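Required output: the full structure, derived from the provided sequences and hints.
Those protein sequence lines, which keep their order, are chains A and B.
Following our numbering, the numbering of the first sequence begins with 499 at its first residue and continues without gaps.
Following our numbering, the numbering of the second sequence begins with -19 at its first residue and continues without gaps.
Keep in mind that the hints were calculated from the coordinates and are not lab data.
From a predicted model like this one, the values you see are computed outputs, not experimental measurements.
Take these hints with a grain of salt, some might be off.
[Said to hold, decoys possible] Derived pair list, reagent style SDA-like, types lysine to any residue, alpha-carbon separation capped at 25 angstroms:
hint, chain 1, residue 1, chain 2, residue 2
1, B, Lys192, A, Lys521
2, B, Lys116, B, Asn48
3, B, Lys252, B, Gln240
4, A, Lys546, A, Trp620
5, A, Lys546, A, Glu502
6, A, Lys521, B, Glu10
7, B, Lys235, A, Asn720
8, A, Lys546, A, Glu501
9, A, Lys521, B, Ala34
10, B, Lys235, A, Pro680
11, B, Lys192, A, Trp620
[Said to hold, decoys possible] Derived coverage of chain B by chain A (criterion: at least 3 residues anywhere in the stretch with Cβ under 8 angstroms from a Cβ of chain A; other residues may be distant):
hint, region
12, 146 to 153
13, 176 to 189
14, 228 to 234
All C-beta atoms in this analysis are idealised placements derived from N, C-alpha and C, irrespective of residue type, glycine included.
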Amino acid sequence: MTEEQLNRALDLMRRLPPQQIEKNLSDLIDLVPELCEDLLSSVDQPLKIARDKKEGKDYLLCDYNRDGDSYRSPWSNTYEPPLEDGTLPTDRLRRLEVEANAAFDQYRQMYFEGGVSSVYLWDLDHGFAGVILIKRAGDGARNIKGCWDSIHVIEVQEKSTGRSAHYKLTSTVMLWLQTSRPGSGTMNLGGSLTRQMEQDGTVTEPSSHIVNMGRLVEDMENKIRHTLNEIYFGKTKDIVNGLRSIQPLADQKQKQAFSEDLANALQKRQGKSDP
Amino acid sequence: MAPDEQISDQEKVRIASDFIRHAPPGEFNEVFTDVRVLLNNDNLLKEGVAGAFALYNKDQLTPVKLPNSTIPSLVTEHNDIGGGRFFDPRSKQSFKYDHLRKEASDLQAWESDVSVESWREALETQFTEYAANHYKHGVCAVFGQSRNDSISLVACIEDHQFQPKNYWNGRWRSQWCATLSGGSGELQGTLRVQVHYYEDGNVQLVCSKNVKHSITSTSEVETAKEMVRLIEESESEYQLAINENYQTMSDTTFKALRRQLPITRSKVDWEKIISYKIGKEINKTQ
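What follows is the structure in structure tokens.
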């Protein structure tokens, strides 16, 4: 019963307006408390920012750096509020995590020219997994509020030779746009798209993982960015304009009838001149 | 909350009703089934949540086919006569409406308010022609009511496109209320658009706008023509403004969030990024 309920819950989250994800998720957990942990780990939410006061840097919150009610900062590697024995990555993995944060920090600057990023890694039996998060809020120019949230979850299976690895990436990008203006009232265009990609990569040293993950995430984000552009500003706009026609339909019917008459007349003339 | 703590039945009903009422256009059945399985209590569903089905259908300006008429009507708050029945002023009938099956039955003759019928009919004629001219599959209805010394008219249009096989649905709703008294009046409009796209994702457009106009009321036909003229103007202006926003959102807002490529015009050199870090480490130890 619980598995069917989880599927129904996820279906519901794909249909309810994403503009109210947090409220919907909270209500869903209240309604079916047994699904709490499953829902928190499988429903993507807009990323929240916290401040690492020690390091003077912002970091992002998600289920993967949460332990109870505390969150681990990727900069200081400590929990806020402090935890006695919060889950920490192993030393080896932490070194990789530090490098990954630095690398994706640069990636973020090059593509987003602002915003916040965080990378969290955790061990698996034959490899490790991680999440790469990016949040970029717009500056409100032209009276439009915009925000981009990237959630990239990557699974790295190290081959026994140690010279290659298999990377499996599941990415969700959330894009939020809203405006309130006299001419158009309130307009809220938001939500997310999810895609999956996987590929193999050569590993010569630990840092190779960062190169391989980086390339995969970059390709994925570029693809999703393109799709977001098409769906948000192409598809949904076309649907709106299909619901109502600014041009009177009678005019269009007239134009269509005229061009049909013309086509028929041309056909008749061609028929006559054929031997 | 601990996994074994339960909220009250009242709270469950509130949550289930909220979910139902926020179903995107064309997806009521799917949301209903999801909620039914999650609530897992059909009695509670029938007793506590059934009201939400009616509220949803009325809010959506749901079109309804009448068995003995070619022109459909709408299910709204303005033609709700209680006991699960609604009236259609165009065909002068009332009908029982099944909110789950979305079907009309048990048609009976229904008498309109004679004192406003000439005004209502005049507006219905103009409005129906306007709707046919801008909404390919639109359904419209005009309701009239007398209130003390004033005439109250409500004109609604609904048009939708449901394409679940292509993972999208959309609906336009217009609701215009006119209050006329002693040669003048006010025309108020609420325009709403909702689009849901859900192939490998969940993207929704939710728009609404309120409009107000002052009008002069002369004869039934002239007033109806003036109202429809203003309605056409406002709705087209609204649709243009939405399109303009789309342009700005894609040209300006979206581009400012993430570039297509870095300023170098080529993808990131990841080898360089990690070697820079190693270089920094070497410098640190020296």
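These are the hints, each one checked on the structure:
Taking the CA atoms of Lys192 (chain B) and Lys521 (chain A), the gap is near 33 angstroms; set against the 25 angstroms cutoff, the hint is violated. A threshold of 25 angstroms between alpha carbons decides the hint, and for Lys116 (chain B) with Asn48 (chain B) the separation of about 22 angstroms falls inside it, so the pair holds. Restraint check for Lys252 (chain B) and Gln240 (chain B): the C-alpha separation of about 20 angstroms stays at or below 25 angstroms, so the hint holds. A distance of roughly 20 angstroms separates the Cα atoms of Lys546 (chain A) and Trp620 (chain A); the hinted pair therefore holds under the 25 angstroms criterion.
Our distance criterion of 25 angstroms between C-alpha atoms is broken by Lys546 (chain A) and Glu502 (chain A), whose separation comes to about 30 angstroms. With a CA separation close to 20 angstroms, the supplied pair Lys521 (chain A) and Glu10 (chain B) stays within the 25 angstroms bound. Distance hint between Lys235 (chain B) and Asn720 (chain A) is fulfilled; the C-alpha atoms sit about 13 angstroms from each other, no more than 25 angstroms. In summary, the hint linking Lys546 (chain A) to Glu501 (chain A) is not supported, as the alpha carbons are separated by about 29 angstroms, beyond the 25 angstroms threshold.
Between Lys521 (chain A) and Ala34 (chain B), the direct Cα distance comes to roughly 23 angstroms. Compliance with the 25 angstroms bound is thereby established for this hinted pair. For a cut-off of 25 angstroms, the pair hint linking Lys235 (chain B) to Pro680 (chain A) stands: about 24 angstroms separates their Cα positions. With a CA separation close to 58 angstroms, the supplied pair Lys192 (chain B) and Trp620 (chain A) exceeds the 25 angstroms bound. Coverage of the region 146 to 153 of chain B by chain A holds [criterion: at least 3 residues with CB-CB distance below 8 angstroms; count 4].
With 13 residues carrying a beta carbon less than 8 angstroms from a beta carbon of chain A, the region 176 to 189 of chain B meets the three-residue requirement, and the given coverage holds. Coverage of the region 228 to 234 of chain B by chain A holds [criterion: at least 3 residues with CB-CB distance below 8 angstroms; count 6].
Violated hints for the displayed structure, listed by number in ascending order: 1, 5, 8 and 11.
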